[in-house]
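Student: As you go down the protein sequences, you meet chains D and H in turn.
At position 153 of the first sequence the residue is numbered 153 (the numbering used here), and the sequence of numbers has no breaks.
At position 169 of the second sequence the residue is numbered 169 (the numbering used here), and the sequence of numbers has no breaks.
Some hints here could point you the wrong way.
Unchecked claim - Derived DSSO-like pairs (lysine-lysine); straight-line CA-CA distance at most 30 angstroms:
1. H/108 x D/94
2. H/76 x D/94
3. H/85 x D/364
4. D/94 x D/11
5. D/484 x H/76
6. H/334 x D/94
7. D/436 x H/76
8. D/94 x H/85
9. D/327 x H/334
10. H/310 x D/27
11. D/75 x D/37
12. D/27 x D/94
13. D/397 x H/108
These are computed hints drawn from the structure, not numbers from a lab.
One-letter residues, chain by chain:
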Amino acid sequence: MALAKLEQLSKSVVQGPSLATGAQPAKDWMDTPAIFKEGNFAYPAKVEKVEYLNSQDGLNFPNAREWSPDEDDWKLPDGWEKTILDGIKERLDKFRSLKIFMDCCVRCGACADKCHFFLGTGDPKNMPVLRAELLRSVYRNDFTLAGKLLGKMAGGREMTIGVLKEWFMYSYQCTECRRCSVFCPYGIDTAEVTMMLRELLHLVGVGINWILEPASNSNRTGNHMGLQPHTFKDNVDFLAEDVETLTGVKINHSFNRKGAEVLFITPSADVFAEPGLYTAMGYLALFEQIGLDYTWSTYASEGGNFGLFTNNELMKKLNAKMYAEAKRLGVKYIIGGECGHMWRVVHQYMDTMNGPADFMEVPKSPITGTVFENARSSKMIHISEFTADLIKHGKIKLDPSRNAHVMPTYHDSCNPARAMGLMDEPRYILDHVVPKWVEMPENTIREQTFCCGSGTGLNTDEIMELRMRAGLPRANAVKHVIDKHDVNMLSCVCAIDRATLTSLMDYWNPGCGVCGLSELVGNALVMDNEKRAMGYGADGTESELPDGLRTMV
Amino acid sequence: MKYAYSFLAVLALVVFAWLGSKIPGMQYLFGVAIPYLAIMIFLGGFVYRVVYWAKSPVPFSIPTTCGQGKSLDFIKQDKLDCPTKTSEVVARMFLEIFAFRSLFRNTKSEIHEGPKITYESSKWLWLFALIFHYSFLVVVIRHMRLFLNPVPEWLQFLDFMDAGAVLQIGSPLFYASSAGLVLGVVLLFGRRLVNRQVRYISLLNDYFPLFLIFGIASTGMLMRYVLRDNIDIITIKELLVGLVTLSPVISAKIGSIFYIHVFLVSTLLVYFPFSKLMHMGGVFMSPTRNMANDSRAKRHINPWNDPTIKPHSYAGYEDEFREFMVDAGIPVEKELPPKADEEQG
Chain D
1 MALAKLEQLS
11 KSVVQGPSLA
21 TGAQPAKDWM
31 DTPAIFKEGN
41 FAYPAKVEKV
51 EYLNSQDGLN
61 FPNAREWSPD
71 EDDWKLPDGW
81 EKTILDGIKE
91 RLDKFRSLKI
101 FMDCCVRCGA
111 CADKCHFFLG
121 TGDPKNMPVL
131 RAELLRSVYR
141 NDFTLAGKLL
151 GKMAGGREMT
161 IGVLKEWFMY
171 SYQCTECRRC
181 SVFCPYGIDT
191 AEVTMMLREL
201 LHLVGVGINW
211 ILEPASNSNR
221 TGNHMGLQPH
231 TFKDNVDFLA
241 EDVETLTGVK
251 INHSFNRKGA
261 EVLFITPSAD
271 VFAEPGLYTA
281 MGYLALFEQI
291 GLDYTWSTYA
301 SEGGNFGLFT
311 NNELMKKLNA
321 KMYAEAKRLG
331 VKYIIGGECG
341 HMWRVVHQYM
351 DTMNGPADFM
361 EVPKSPITGT
371 VFENARSSKM
381 IHISEFTADL
391 IKHGKIKLDP
401 SRNAHVMPTY
411 HDSCNPARAM
421 GLMDEPRYIL
431 DHVVPKWVEM
441 PENTIREQTF
451 CCGSGTGLNT
461 DEIMELRMRA
471 GLPRANAVKH
481 VIDKHDVNML
491 SCVCAIDRAT
501 LTSLMDYWNP
511 GCGVCGLSEL
521 VGNALVMDNE
531 KRAMGYGADG
541 TESELPDGLR
551 TMV
Chain H
1 MKYAYSFLAV
11 LALVVFAWLG
21 SKIPGMQYLF
31 GVAIPYLAIM
41 IFLGGFVYRV
51 VYWAKSPVPF
61 SIPTTCGQGK
71 SLDFIKQDKL
81 DCPTKTSEVV
91 ARMFLEIFAF
101 RSLFRNTKSE
111 IHEGPKITYE
121 SSKWLWLFAL
131 IFHYSFLVVV
141 IRHMRLFLNP
151 VPEWLQFLDF
161 MDAGAVLQIG
171 SPLFYASSAG
181 LVLGVVLLFG
191 RRLVNRQVRY
201 ISLLNDYFPL
211 FLIFGIASTG
221 MLMRYVLRDN
231 IDIITIKELL
241 VGLVTLSPVI
251 SAKIGSIFYI
261 HVFLVSTLLV
271 YFPFSKLMHM
281 GGVFMSPTRN
291 MANDSRAKRH
301 INPWNDPTIK
311 PHSYAGYEDE
321 FREFMVDAGI
331 PVEKELPPKA
341 DEEQG
């Protein structure tokens, strides 16, 4: 489906009769079925991807088949209702969060207008509270006394195909960004609810290709992009050559090297596509300049983890490569690159799932001597923590004027902000690498930051209008600082952002670029024995690297 | 129409208790048996629900971080919104439970031409909730004077302050908490009707407790401020102290309004553990609020973690790609076998 023109969509989000714009839906939400049509759903997973995942030890991805959400028959296995209800029971027993979140909501509505999907689509079921009610109604009906006695009177609903279709529609119109949970008086986290819904859907073979294909790639080749070891190495080698061409400094990097002090893992998108490539070039330049003894891995060549968007088992299995590779190579600790959901997994799940990492040492910067007590157990630190520490100790020379061509603002990625608390390290770095930068309005940054609209594996082209709608709150805040402060660059610490915000800016705010923070660090970095290339800037005059690492020479 | 059903349900309860308490001999049922039963169901149900929650583990450390976490020395940690120590978690929980801090953050979004989305601070819900909950709390505590003999001094003081909060002369003194409770219910109900989003999400389960509490508050106030002739406070206190000491005495001098009030309270107690009102217990146990953000510093244990889930092994990976790896100069664990044609040659 062709993407709506900017003018049409701009009108539609304001004037379209929706709950977000002031209209009151005539029908009760329970009587409003989910209707699928081309453009409002992500394509189902390919048979061979589901079969591959299902064949892996410890994973359960049954019912591989050809099917489509817009057909009536979803070809569900016999007895699927029981599978779902048993699945709910199992998850209630495993997750206290699920029980609490099912029981405690008072429907105060504090979350209602906090969701970017609701603001962009106006669909009532995109209010976090209703997204949770889709599951809660079934929970009430089958797992609570009130629901068993009173049924619909107590807000209960039977598990039907209609309910399952709603689950599919709305658990894939949620990016697990946790913004609603900031505002909820009980901290009810829709990310948890969406995770449960998606897990339950996988039990009956309902999943999308844009998640399961990268996940199966990651399992087999080590990364989402499906880059085989030699290709992964080639890509990084190209970037290293580019850095050398631009800075005159030869990059010494290595792969799968035993005995390195540090294993470096970043999302594979950073070595695969613009503008992430420039972020990866920033890493290479920085590590070269400080002489870090580190290695890349082709086996653990993915920081991201699309298992997080499917189920616990797959998340654990994919994540386990990080520690396994660290152990095999005998490194002292791991540095992780810029990525949002990767850091949700690394910060809140990894040590629990795949630890203890007692074969490594507490991360200690070889340059500054700083011991990272905050990663004492997990042995993995964020590149922003590492870089901020270098800057604080004056161990790298930075020339902010080398970033004079950019006027950035900073986008807090959902997970580092709301599932980690990484907010001021990136800002500290920005303060030192650019002449000037500005914040977006306060209700759209830090813990209140808005998602790019395409996280959790929704970065797929067939739902572009949905993505542009969901990204509107983010784009709108960027537009505010573009109009007010001539911002021309949206910086972030997330690989999915680098891809999705680029589409979002091209649509809503053409002319505004997107970059990773480490790209700006690389731009500003003064390297030993550098011989910087000349290039033509936007004004047509020739100077040293006028566009930083993006300069064409 | 959900609110109409809820209203009718509460009305039916009132009529039931009114008529029922008129039948000779039934006073014992409404004044003693039902309250005892209700208390038992409330306590039992409350404990059951909390135990039901507690039986499920918290497999992962999932606090919602609402501020800067603890990392480097020169980066200032937001100790309240991103706690690492137990004392900081307690402070966060205290403000959440006693000051409704998350509601204090509330904003209202509006979409204007452009499009332009605006976010304005909106503290109405926070204010209404505070008025309602604190008034209710004071009312409940204040009622303890009816169950305790002698009345402790602190309770007399609270009673004095509650009445003294409103400048007045004459008798009976009007309690600020009475007004607060009714006002709180009316405001929260009004919000459910006026706020289009909240109106759309509201269930019967949301209106019913509001009407029920309104019924409780209004019958209580009727008893205290209006229908006093019908009410003998001495006999009521005898009954209530008797209930507490397990030796209840029913007197004929108690009017129907009292039984209606007590029946509605009993209904609330029975309804409580099976409803959303359990948010009172749940707020203490929400993992996104009551956990420290220290999951990289301290290993959180998941009791059902499955050690048999292993990564796709490095050996398997190298077996599949060894040739490419060797060609590309990537170190391998096992070298390639000598090529067959070379052997022949």
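Student: All hints are to be evaluated individually against the structure, with a verdict given for each.
Tutor: Here's how the hints hold up against the structure:
no.: 1; hint: H/108 x D/94; verdict: 35 angstroms, violated
no.: 2; hint: H/76 x D/94; verdict: 35 angstroms, violated
no.: 3; hint: H/85 x D/364; verdict: 23 angstroms, holds
no.: 4; hint: D/94 x D/11; verdict: 45 angstroms, violated
no.: 5; hint: D/484 x H/76; verdict: 29 angstroms, holds
no.: 6; hint: H/334 x D/94; verdict: 41 angstroms, violated
no.: 7; hint: D/436 x H/76; verdict: 22 angstroms, holds
no.: 8; hint: D/94 x H/85; verdict: 26 angstroms, holds
no.: 9; hint: D/327 x H/334; verdict: 17 angstroms, holds
no.: 10; hint: H/310 x D/27; verdict: 49 angstroms, violated
no.: 11; hint: D/75 x D/37; verdict: 18 angstroms, holds
no.: 12; hint: D/27 x D/94; verdict: 36 angstroms, violated
no.: 13; hint: D/397 x H/108; verdict: 45 angstroms, violated
When each numbered hint is compared with the structure, violations occur for hints 1, 2, 4, 6, 10, 12 and 13.
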